[in-house]
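Undergrad: When you get a sec, could you build the whole thing from the sequences and use the hints?
In case you want the letters, here they are:
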Amino acid sequence: MLTPLQIDPTAVASGVNTVWVLTVSFLIFFMQPGFALLEAGQVRAKNVANVLMKNMMDWGVGVITYFLVGAGIATVAAGVTSSGSYSIGAAFAYINDPSGWVGWLFGAVFAMTAATIVSGAVAERIKFKAYVFCIVVFTAVIYPVTQGITWSGGLLAGSGYIGAALGVGYLDFAGATVVHMLGGVAGLVGAYVLGPRRGRFSSSGESQAIPGHSITFAVLGTLILCFGWYGFNVGTQATVLAAANGGLTFNGAALGRVALNTTLGMGAGGVFAGLTSAYTEGKPDPLFTANGMLAGLVAVTGAVPHVTWWGGLLLGIIAGIQTPIVFRWVVNALKIDDVCGVFAVHGSAGAIGTFLIPVFAVAGFSATQLAMQAVGVIVIAVWAIVATYVTFTVADAIFGLRVSDDDEFSGLDQSEHDFTAYPEFVEAGGAGAPSGGQAVATDGGEAE
Amino acid sequence: MSGNPDSGIKLVMAVVRPDKLSDVKRALAEAGAPSLTVTNVSGRGSQPAKTGQWRGEEYTVDLHQKVKIECVVAEIPADEVVEAIAEAAHTGEPGDGKIFVIPVESATQVRTGKEGTEAV
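The listed protein sequences derive, respectively, from chains W and Y.
When we follow my numbering, the leftmost residue of the first sequence carries the number 1, and every step to the right adds one.
When we follow my numbering, the leftmost residue of the second sequence carries the number 1001, and every step to the right adds one.
Bear in mind the hints are in silico, worked out from the structure with no lab data behind them.
Hints are supplied without guarantee of correctness; some may be wrong.
Unchecked claim - Simulated pairs of lysine-lysine, DSS-like, Cα-Cα distance not exceeding 27 Å:
# : chain 1 : residue 1 : chain 2 : residue 2
1 : W       : Lys283    : W       : Lys335
2 : W       : Lys46     : W       : Lys129
3 : Y       : Lys1050   : W       : Lys46
4 : Y       : Lys1068   : Y       : Lys1050
5 : Y       : Lys1025   : Y       : Lys1068
6 : Y       : Lys1050   : W       : Lys283
Keep in mind it's a predicted model, so treat the numbers as computed, not measured.
TA: Below, the structure is given as C-alpha cells:
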C-alpha cells in the first residue's frame, strides 16, 4: 500500500511562485538589451556608443541606487500618504533580510525599465554626467514615490488617502502608468528642458527629419522588448499556485487572461500603427509599426487581468492608432524633440489604456472606478512633470545639461567617451607609424 | 619606363547603377578586360532627387548610390572597354552614369615588380 507523501502545500506554492518570480525577473531584465538596440537604431552612428553607455548606466547606477535608497523610499512614500503606520527602520529592513531579496529584484527590474525609457527621449545631446545624475534621482525618488503611492499601498491605493476617499483603489496591474507613463512623461519633460537637437527644427520652426542609422536595430530591439514584456505582464500574475484548505490551486485562467491580452494588445498595436502611418504617409512605416507594437503593449499593461479579450484587442488598436498621431503632435505642436518617441509609445498609450480599464472590465463598468483611474493618471503625470522638471533644472545648474554645439556636431561618442562605434582604418599596435620617433605622422601635427 | 605620359596605359573610370554591376562585369570579361576595382559611391547628376520618410517627415536625397568601376587597360583599346561598359550599364533613364578615360603615367605590379604595360 502506498502512503501519500506528506508535503506542506504552502511550501510548495511558495517555492513554485518564487521560482516563477525569479524567472520573470530575468525576462524583464532582458528588456534592457531591447531598449539598448531600439535606441541605438534610432540615433545617428556618431551617438551610438553614448546611447549604449546610458542604457548600461540605467541598469548599473539604477540597481545600486534602488537597493540602497529607492525601495525603502517607496515604502516610506506609501506610509506617508496612507492612514497606515510606518517606520523608517522597517522601510529599509529589506537591506539586511535575504528572504526579501527576490521580491526586491522583482521590484528593481520594473524600476530600471522606467528609468531606461527616459534615455530615448533625451538622446544625442545630453551631457553624460548630467544624465547619470538624473538616473540617481529617478531611481532614488521619482520612481519609488510613484511605486509607493500605488502598488505599495499609498495615496492612490485602496488604503491611501485618495483611494479611501473614493472607496476604490487605482488599477494599474503591471505598470502602464506606474512604470511606462512615468518614464514617457519624464522623457518628454526632459527633452523639453534640454531643447531640440541642432538641426531638428529649421530657423523658421519647421521640423526637419534626422533619420536614425539602423532600422534593423530598432525593430530587433522592439521584438526583444516584446519578449521581455511577457515577463513584465504575465509575471506580475506572481501567484501561480495558491495553497488553500490543505490543497493547491493552479491559477491557469488568471495566467491565461494576462498572457492573451498581452499578446492581442501587442499585435493590434503594431497593425494599427502601421495602418495609420499608411493612411497619413501613403505607405506603411516600419518604425511607427514597431513603436505601435510597444504602444499596444503599454496600453494593456495596466489592464491585462481586468479586461475582456476584446477589451485587450481594442486597447491595442487605440494605442496603435494614436502612436503616429501623438508623435506628430509632440513635434509639430509642442516643438519637443523626443528622439525615440517615448511619449507617444509609453506616455499617452499608458494613460489611455489605464484610464479605459473600467470601460472594458470583466467585472462590469464602474463610474467610481473610472473617476479613480482619471485621478490616478493625473496624479502620476503631474508628479512626473514636476519631479522631472526640477531634476533636470538642478542637473543643468550643477553640470550643465547639454554638450556644446561643437560636441553635438562631432557626436557624443567622441565628446563624452572618446570612442567610435564603427571605427575604420584603425592600425593594429601602432603599425603604419614611421619607424622611430612619434607615434603618428600627419601633415596636421599630433593628435589632440 | 615609368614617368612616361605616353605609357599606353589608360584608366577607364565608370560610375554606374549598382544593379548594373553584374552586367558590366560580364561585359568587361567578354571584352578581355576582366580586372577591375569597384567602390560604393554617392553622387549627383541628371537623376532627379528622391524623397525618404522618417517618422512621417519627408527628407530629400539628391546624392544617389552608385558604384564606381575602375579598369586599367593597356593592350585592349580603351574605347572598346568604354563601349562594353556603356552597353551593359544602359537603361535609357536619367542616372545611368558616366564613363571617363584618363591617361596613366605609370603602373607597377606589387607582386612581381613589373612596370608599364606588363604590369597591367
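Undergrad: Determine which of the earlier numbered hints do not hold for this structure and return their numbers in increasing order.
TA: Structure breaks no hint.
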